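Undergrad: For reference, the chains in residue letters:
Protein chains: 2
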Amino acid sequence: MKPLQNDRFLKALLRQPVDMTPVWMMRQAGRYLPEYRATRQQAGDFMSLCQAPDLACEVTLQPLERFELDAAILFSDILTIPDAMGLGLYFETGEGPKFRKPVATAADVEALPIPNPEDELKYVIDAVRVIRHELNGRVPLIGFSGSPWTLATYMVEGSSTKDFRKIKGMMYSQPEVLHALLDKLADSVISYLNAQIAAGAQAVQIFDTWGGVLTPEAYQAFSLHYMQKIVKGLVRESEGRKVPVILFTKNGGQYLELIAETGADAAGLDWTTDIGDARRRVGDKVALQGNLDPCVLYAQPEQIREQVGVVLEKFGPGPGHVFNLGHGIHPQVNPDHAKAMIDAVHELSAKYHA
Amino acid sequence: MKPLQNDRFLKALLRQPVDMTPVWMMRQAGRYLPEYRATRQQAGDFMSLCQAPDLACEVTLQPLERFELDAAILFSDILTIPDAMGLGLYFETGEGPKFRKPVATAADVEALPIPNPEDELKYVIDAVRVIRHELNGRVPLIGFSGSPWTLATYMVEGSSTKDFRKIKGMMYSQPEVLHALLDKLADSVISYLNAQIAAGAQAVQIFDTWGGVLTPEAYQAFSLHYMQKIVKGLVRESEGRKVPVILFTKNGGQYLELIAETGADAAGLDWTTDIGDARRRVGDKVALQGNLDPCVLYAQPEQIREQVGVVLEKFGPGPGHVFNLGHGIHPQVNPDHAKAMIDAVHELSAKYHA
Numbered sequence: 001m002k003p004l005q006n007d008r009f010l011k012a013l014l015r016q017p018v019d020m021t022p023v024w025m026m027r028q029a030g031r032y033l034p035e036y037r038a039t040r041q042q043a044g045d046f047m048s049l050c051q052a053p054d055l056a057c058e059v060t061l062q063p064l065e066r067f068e069l070d071a072a073i074l075f076s077d078i079l080t081i082p083d084a085m086g087l088g089l090y091f092e093t094g095e096g097p098k099f100r101k102p103v104a105t106a107a108d109v110e111a112l113p114i115p116n117p118e119d120e121l122k123y124v125i126d127a128v129r130v131i132r133h134e135l136n137g138r139v140p141l142i143g144f145s146g147s148p149w150t151l152a153t154y155m156v157e158g159s160s161t162k163d164f165r166k167i168k169g170m171m172y173s174q175p176e177v178l179h180a181l182l183d184k185l186a187d188s189v190i191s192y193l194n195a196q197i198a199a200g201a202q203a204v205q206i207f208d209t210w211g212g213v214l215t216p217e218a219y220q221a222f223s224l225h226y227m228q229k230i231v232k233g234l235v236r237e238s239e240g241r242k243v244p245v246i247l248f249t250k251n252g253g254q255y256l257e258l259i260a261e262t263g264a265d266a267a268g269l270d271w272t273t274d275i276g277d278a279r280r281r282v283g284d285k286v287a288l289q290g291n292l293d294p295c296v297l298y299a300q301p302e303q304i305r306e307q308v309g310v311v312l313e314k315f316g317p318g319p320g321h322v323f324n325l326g327h328g329i330h331p332q333v334n335p336d337h338a339k340a341m342i343d344a345v346h347e348l349s350a351k352y353h354a
Numbered sequence: 001m002k003p004l005q006n007d008r009f010l011k012a013l014l015r016q017p018v019d020m021t022p023v024w025m026m027r028q029a030g031r032y033l034p035e036y037r038a039t040r041q042q043a044g045d046f047m048s049l050c051q052a053p054d055l056a057c058e059v060t061l062q063p064l065e066r067f068e069l070d071a072a073i074l075f076s077d078i079l080t081i082p083d084a085m086g087l088g089l090y091f092e093t094g095e096g097p098k099f100r101k102p103v104a105t106a107a108d109v110e111a112l113p114i115p116n117p118e119d120e121l122k123y124v125i126d127a128v129r130v131i132r133h134e135l136n137g138r139v140p141l142i143g144f145s146g147s148p149w150t151l152a153t154y155m156v157e158g159s160s161t162k163d164f165r166k167i168k169g170m171m172y173s174q175p176e177v178l179h180a181l182l183d184k185l186a187d188s189v190i191s192y193l194n195a196q197i198a199a200g201a202q203a204v205q206i207f208d209t210w211g212g213v214l215t216p217e218a219y220q221a222f223s224l225h226y227m228q229k230i231v232k233g234l235v236r237e238s239e240g241r242k243v244p245v246i247l248f249t250k251n252g253g254q255y256l257e258l259i260a261e262t263g264a265d266a267a268g269l270d271w272t273t274d275i276g277d278a279r280r281r282v283g284d285k286v287a288l289q290g291n292l293d294p295c296v297l298y299a300q301p302e303q304i305r306e307q308v309g310v311v312l313e314k315f316g317p318g319p320g321h322v323f324n325l326g327h328g329i330h331p332q333v334n335p336d337h338a339k340a341m342i343d344a345v346h347e348l349s350a351k352y353h354a
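Quick note, the sequences are listed as chains A and B, same order.
Each residue of the first sequence is one higher than the one before, starting from 1 at the first, in the working numbering.
Each residue of the second sequence is one higher than the one before, starting from 1 at the first, in the working numbering.
Next up, chain A with everything else stripped away, as it sits in the complex (with noise of 0.2 Å):
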């Protein structure tokens, strides 16, 4: 394999020197390309695309084809590890994931085992292979999981939710069982992305979805000590580079100062927090990644160019910034957009690390 010949989101993500802002985006393999569309078709449903290693992995480099983008991101889903815990992940046309098999009681919870990630979710780990090699070198690979949490809204309440009724009510009524829910789910987590950095992932981000829609209390109590507990158990270094962790909490702009005291080396933010802002307070415990409001992208590219310089400007100069959308990319989006957005970072951040 051919040495890393672009390295500079790993090392803003560790606050070293680089020649411009590195980008990428969240969703950027995904069905506002065409081409996504196409090789999704092929594979008949969401989870064959998933599991099949070479689609997986065909998916990955599309958007690498298209725009001058510094990461790939392993395609895949967040609900692996519930789906390969034997809740049964399903996807229904024009609605969300659902789970045959949701989790509801201390027993369920005791009965669920903890996945080998060389087995149960071989797919996934075959697809960081498969992406890596076939990525050659030329920008560093990602790879992914959901926070516990995050996970355990879906287990609890089988589905999406808006009110998230059944897992509050789990968490306000039984909170041992939460509680225990989310520590299977944590070494869970820890076995699944070290099975990943072993795998070739340079670097993971650990999606908090939803701990946004938690009290302070709570967001400390059931979503980050889970992910602390994930951060102090991953294997740090890979092929001797570090391997830097991300922890995007949505909705958790107030978190930052927590979130930076994790050992995470970088926070990812949402569109609703000032970055400028973020970096005040954080100072130079983590890097940042973030943030424009994905909806900028339905503007014209004049317009998308002005709000990129606009972030660009309130991170300021210096190093610790990785470009990237508050959330992932609209399927509704034009590509072109996509594009003038990630030419307007390379182009217009030149100059804040001169």
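In short, the hints are calculated from the structure, not lab data.
There is no bait here: all hints are sound.
One copy or any two copies: either way a pair holds, since identical chains are not told apart in the list.
Simulated pairs of lysine-lysine, BS3-like, Cα-Cα distance not exceeding 27 Å:
1) Lys314 x Lys166
2) Lys162 x Lys339
3) Lys166 x Lys339
Quantities reported herein were computed from a predicted structural model and do not represent experimental measurements.
Given the coordinates of chain A, assemble chain B onto it according to the supplied hints.
TA: Chain B only, in chain A's frame:
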């Protein structure tokens, strides 16, 4: 009409001493009550219920028959103004509100009338009059409106939305069109709330349900700015008493200092902000309303009481707290659990006002 017998709520909003913390619930007249569901069935659809002052009065009073609430809130919908502007509000079973004629262009905005509250919105103002009469001084009556930004999201999207694609597309591409719409909405809200106050509303709340989906800059420019205009335009005294204004931006915890500067008397808090921190941040500028996680009501009465105690203790001793949920009560909640919360607020709060 009898003089007001319980003015705990109005006093707390003005940070005056009270004997115990007043409490009401957002959506306290709602689907979790079987008697509400019966009246609703009698009315036919949701808008028919809103448009019949006697029935709106009936459901407004229902929760007061069950619980020791310290305020009543006008039963109505936040989308009455856009409907009165001619957008054609309708509801389909199991789905959110929709508009037959959404707003898309500068010409659409230009064509919108500012509704006359005593004409197209007379049914709301009549409901205020009937409710005030029937309350007969028992507790104060709260009037309300959606914020301009929140109303505009539905008017431009044409329905509920998860991604705010159209309105943010307008915001980033044609900000001047959106500003024209928001300004017209602010004028409409001023006239609407002043009519509610003239008809007997003793406090008013502005619901900024969607202000929290914006970037900090956009929040100030597209949501807060217009709420500030409204606060300045309201008649703040009626029947020899001050009419307090509550401003509630969901997911707006980071903007409390800004909200406190608008001239509003109180800031509503959802459950993602620590109310003790919030009090330290706003000092004596505004009262605070909130902020129990509505999902606490899925737990058992004993646990509900405990969580009420946590919120009261966080706020601490002295005036300036109106207890509430951090958002509307969920339709699936057992009414006895709401009672457990309300009774706990009164019982546990007396010591903080000794």
